[in-house]
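Model the placement of chain B on the given structure of chain A, informed by the hints.
So the chains spell out like this:
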Amino acid sequence: MNPIISIDNLCKTYDTGFEALKNISLDIKEGEILALLGPNGAGKTTLISAICGIVSPSAGTVTVAGKDIINDFRQTREIIGLVPQELTIGAFETVWSTVNFSRGLFGCKKNEAYLEQLLKDLSLFDKKNDELRALSGGMKRRVLIAKALSHEPKILFLDEPTAGVDVELRKDMWAIVRKLRASGVTIILTTHYIEEAEEIADRVGIINNGELLLVETKDHLMASLGKKQLILELNEVIETIPESLTQFNLELSPKGSSVTYTYDTTEEGANIADVIHSISEAGLVFSDLKISQSSLEDIFVDLVKEVA
Amino acid sequence: MNFRAIKVIYLNEMTRFWQTLFQSIASPVISTALYFIVFGAAIGASIDSIEGVSYGLFIVPGLTMLSILTQSISNASFGIFFPKFTGTIYEILSAPLSFFEVLIGYVGAAASKSLILAAVILITASFFVELQIDHPIWMLSFLVLTCITFSLFGFIIGLWAGNFEKLQVVPLLIVTPLVFLGGSFYSISMLPEFWQKVTLFNPVLYLVSGFRWSFFEVSDVSIGTSLTMILIFLGACMAIVAWMFKTGYRLKQ
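Chains as they are written, first to last, in my numbering: chain A, 10 to 317; chain B, 19 to 271.
Chain A on its own, in the form it takes in the complex (with noise of 0.2 angstroms):
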């Protein structure tokens, strides 16, 4: 399958002489859930303002859907909805002439039944004839969604949609994510909270200094970078691990009530049930055991330590 958005060679160095994009090439699959994970100043939002034509490439080239983002710019910018990190919003307007504006900017047909639709299900209808400067942060954010939905756009960017927004938002836009995706939207979001990249992407980027280091499905992400901790809390405190077991490689808690296996899932070698034979045989009694296994965060950390 073709990629919605193909990405090649990108570069952006802005007049101060910053470089915030290193080369990026990446293609994005139509109806997939990409999240872009970094740390602030990566140059995740560089990216997104690149494609979205609001940032111009130094260099490099980005099609969505075939077509050029800079020759055939009404194209591409028309199936794209931006929903961007600040709260930047108008303060007079009502949300209902905002969300028409908004889809009248992208020479939409006024559609009213779409935008109560819409408005309904961001949980912004009863706030329609509100001014937006009344509405709070939360609601506000709700807003930015709706406009950059107005003109039902294939692509949505959300740019770290989830930045200082309750519980309750979260979760509802999360469902919103999801029915969208469910009907065929492509969805590339930068976000701070690993877990949710974790929870709802289906490929996962990490950017860090201006650079694409890598990007793979999150489950294989998790897979080949992953790690496991096998833990056993013992019943007796021991001062160092017994000789028979240094094959294994283990490690022993400072106060020593726990010893730590660490292995890679797809590494060949020791079982755990080998490890577990071999530590009742040393005459060690554990009392608790437990696996863990490392989150997106703790690959992301890993990564972008390594680069560093």
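Hints were generated in silico from the structure; no laboratory data involved.
Hints are supplied without guarantee of correctness; some may be wrong.
Said to hold, decoys possible - A partial selection of chain A residues facing chain B, derived with a Cβ cut-off under 10 angstroms: (1) Lys31; (2) Asn80; (3) Gln84; (4) Glu87; (5) Phe101; (6) Gly193; (7) Asn244; (8) Glu248; (9) Pro251.
Everything numeric in this text was worked out from a predicted model, so none of it was measured.
No residue lacks a Cβ here, since even glycine has one placed at the ideal position from N, Cα and C.
Chain B in isolation, oriented as in the chain A frame:
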């Protein structure tokens, strides 16, 4: 051409005008009335007619120009500066819109507001003097050209301005003095010869003079010169805007 987008930008800008209708109308009505009381009645009473036109009537075109020049600039500059300032410009930039369409929306709205304003001023003036318009079509043409040109100029200022102070600097410190010194309230023939020559460098002179000619065929420079000057200024503004759009000046990084 994305006509729907032009329409929503235009209507959105006009909404602000209607929302502040009282200020929009009351302020020019009051200032026009004040000018007539001070210049027309108090001072004008001791000034002879100028080239056969009573002083009160003579200042009508200049007064109208003073308001529409400053208002065109401030409306258009504020219109584009405000979304830039609040960040809502992202939506305009990411919409399937060419810069030209953005321009038509913003400048069209600012020019429309100025035209309405000019009508309000002329109606107010008619309560103080008996209006005489010899060449209404010329008058309207000058008015429309001036409104468009100075709205374009305002748009350029709005793009250029990095803060609210800069937004105020040009209308207050440059345009207002140029209008006052450009023969709005006098004929330059009343000045010493040296200052007449200096005044010829003031672009506003040509606007006021042409506009005044369309009222009572009294002008400081010929109508052809006036028209040429305003077209040159319009062309210059368009060239600057074209360059700004091409380079994304202050809009896109």
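Now for the hints, and whether the structure bears them out:
no. : hint   : result
1   : Lys31  : 17 angstroms, violated
2   : Asn80  : 12 angstroms, violated
3   : Gln84  : 8 angstroms, holds
4   : Glu87  : 5 angstroms, holds
5   : Phe101 : 7 angstroms, holds
6   : Gly193 : 20 angstroms, violated
7   : Asn244 : 61 angstroms, violated
8   : Glu248 : 61 angstroms, violated
9   : Pro251 : 62 angstroms, violated
When each numbered hint is compared with the structure, violations occur for hints 1, 2, 6, 7, 8 and 9.
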